[in-house]
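Line by line, the protein sequences give chains A and B. Each residue of the first sequence is one higher than the one before, starting from 1 at the first, in our numbering. Each residue of the second sequence is one higher than the one before, starting from 1 at the first, in our numbering.
Hint data in this document are derived by calculation from the structure and do not stem from the laboratory. Take the hints with a grain of salt, since some may be wrong.
Using 20 angstroms as the maximum straight-line C-alpha spacing, the simulated DMTMM-like pairs for lysine to aspartate or glutamate come out as follows [said to hold, decoys possible]:
#1 A/2 x A/115
#2 A/2 x A/14
#3 A/310 x A/267
#4 A/310 x A/350
#5 A/2 x A/169
#6 A/310 x B/87
#7 A/308 x B/67
#8 A/2 x A/189
#9 A/308 x B/63
#10 A/2 x A/135
#11 A/308 x B/91
#12 A/310 x B/70
#13 A/2 x A/198
#14 A/308 x A/360
#15 A/310 x A/375
#16 A/525 x A/280
#17 A/308 x A/281
#18 A/310 x B/63
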Amino acid sequence: MKTTGAILLRILLERQGIHTLAGIPGGAILPFYDALHEGPIRHILARHEQGAGFIAQGMARATGRAAVCLATSGPGATNLLTAIADARLDSVPLVAITGQVPQPLIGTDAFQEVDTYGLTLPITKHNFLVRSAAELLEVVPLAFQIAESGRPGPVAIDVPKDVLNALIEIDPDSLPAPGRALPVPDCPEAGIVALAAELAAARRPVLYLGGGVIAAEASALACTLAHRLQAPVVSTLMALGAMPPDDPLFMGMLGMHGGKGTNLLLEEADLLLAIGARFDDRATGKAAAFCPRARIAHIDIDRAEIGKIKTPVHGLTGDAADILRRLLAHLPVAPAGGAWRARAAQLRREHPLQVPPAAEDPLHPLNLISFLARELPATALVATDVGQHQMWVAQAFPFRRPRTLLTSGGLGTMGFGLPVAIGAALACPGRRVACVSGDGSILMNIQELATLAELDLPVAILVFNNANLGLVRQQQQLFYGRRYAASRFASVPDFAAVAQGFGIRGVRLDPGGDPLGELAAALAKPGPCLIDIPIHDAANVFPMVPPGAANHQTLTAPELEPATP
Amino acid sequence: MTPANFLPTARATVLELRVRNHPGAMSHITGLFARRGFNLEAIACAPMGDCATSRMLLLVAAEPRLDQVERQLARLHDVLSVSERPDLGPEFFAGMFVAASG
Ligand SMILES: Cc1ncc(C[n+]2csc(CCOP(=O)(O)OP(=O)(O)O)c2C)c(N)n1
Ligand SMILES: [Mg+2]
């Protein structure tokens, strides 16, 4: 059968099981859009390529499967970069397909030519410049294989327009098999046995869970291990949801905005078992002072992570679920670790999150998050933007299941929330998606309200409006002598009216009236909505470990936050 | 003998890579050194018999992070194997330098 590169690309994506992708058309990618026109794949028209990239990320983060975004050459491709880099740092499987100028024009500074291959090289797991239609047969399945294998990540495929237009003879019955995750090589048994012995002998062990636990679908096994060992569990931002927050062994998030008791517990640990975590500086604080009394063991699918920051005594490379299952087989009986467990409970009791009583200050951000958690269905997904509101969500929202928190951990990208929420809603029909955003972040991809209006998805956007780049203002207050350079907005849009302008229900809560009643009512109605929530502009995120300090040097709320105006 | 104007770091070591031979493989490897702040002092590359793969020799500082350098290299899709070549010293590259300045 004779076909074109563009149609072949569409067929290969269909064979990968792709039924929805997000993008924006333009000259170089038009032949592919023409091919999409007649196929079953649903195309989501974003309003900015960064939005398209994050919509695809939302689908991938909610499901764990590679999702696809599309852009044209030049500005289309450069607009995708932030979403690709974000996927790289959080190990999200993404396949980004970009149009490129025809090959004879490459290198001539042609209209909308940019070196997409060169630009995506340092921010992808791998990237391709396709040189012929026949190469698509190899590149497309391989891109999905790479994106989903081992430690997941983004893959970029740059396709020149002449490749899309080229005629190619294919045999529909002998197309390549879809690319799938390759099996992970087994971790040698000796390492597992040695680690089991170490764990059994430890008196004060702590499990340190990272996003890899969720990627490996090893959450339940990690919880079983914790109970087998009677070991308290600390979580990174990316692992929230791996262990239910009311589990007696759960110590919450560690690090910069982690619990004070959580960070203090790590000072006392004699063995730290990191699982799918990468000792990021936001989690460890000053790395040299992290877990000063502990021997370190590290399980990770990426061998390069083992020893990157901290040299472990046991470094096990492999699939976390497989390793935990085998580890459990060597740890049949629970040791009597009652004293350590009690110590963890004591630290948790002595250092609770500082929250003013809800009756006095219902619009305190932490009270708002708790209220939201009560109002949202148990199956809801929560996407966040980046800033104080993100940390308040991490501190106070009780995530009970993996993949219910979608947040930009590694890159910390403002503008992430809304398009990711749209992608998650596309991937999880029937589930409510809340996007907790800030008055700064929401503006960074506000144009996607048009996409949301068109799709009419059950996304509720909650703008925690402090009229500030709050997290920046907080750092200036604490570490830059209260010199508030460029962190306070003199003018803040009427977000409810903005939403209405896009055709979306918009509500602004009235602090003088019944704000929580209004909030509950707004959430109860179906379909998309934006809720503008005025919060105190001086509220800060505490506890906080100053950047570069050791995790025990925690700053806590000097006094309770002032009441909301 | 090392010529006076070829001055490798006092403790340098040679890594041998087998890589897929296609455009871009070299950029991935050199880009990795730039991005992660590792030192790359010299590089030699030639296609192997079948031309599908190339052998690459890298002269790198024998710093404590060498292990990390090797692991990061091994992670690249185009890199098929990484090994240390203690039998080859900086002299190997010095020889090339002499030949090239011929
Ligand atoms: C794209 C991008 N630019 C800049 C920053 C730096 N930054 C981190 S938090 C923040 C303020 C976010 O403001 P807002 O969304 O209102 O959240 P708040 O902290 O007020 O809750 C800024 C500017 C960033 N993380 N991402
Ligand atoms: Mg703000």
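Verification of the hints:
{"no.": "1", "hint": "A/2 x A/115", "result": "violated, 31 angstroms"}
{"no.": "2", "hint": "A/2 x A/14", "result": "holds, 18 angstroms"}
{"no.": "3", "hint": "A/310 x A/267", "result": "holds, 15 angstroms"}
{"no.": "4", "hint": "A/310 x A/350", "result": "violated, 29 angstroms"}
{"no.": "5", "hint": "A/2 x A/169", "result": "holds, 4 angstroms"}
{"no.": "6", "hint": "A/310 x B/87", "result": "violated, 30 angstroms"}
{"no.": "7", "hint": "A/308 x B/67", "result": "holds, 9 angstroms"}
{"no.": "8", "hint": "A/2 x A/189", "result": "violated, 52 angstroms"}
{"no.": "9", "hint": "A/308 x B/63", "result": "holds, 14 angstroms"}
{"no.": "10", "hint": "A/2 x A/135", "result": "holds, 16 angstroms"}
{"no.": "11", "hint": "A/308 x B/91", "result": "violated, 30 angstroms"}
{"no.": "12", "hint": "A/310 x B/70", "result": "holds, 17 angstroms"}
{"no.": "13", "hint": "A/2 x A/198", "result": "violated, 62 angstroms"}
{"no.": "14", "hint": "A/308 x A/360", "result": "violated, 47 angstroms"}
{"no.": "15", "hint": "A/310 x A/375", "result": "violated, 42 angstroms"}
{"no.": "16", "hint": "A/525 x A/280", "result": "violated, 40 angstroms"}
{"no.": "17", "hint": "A/308 x A/281", "result": "holds, 12 angstroms"}
{"no.": "18", "hint": "A/310 x B/63", "result": "holds, 16 angstroms"}
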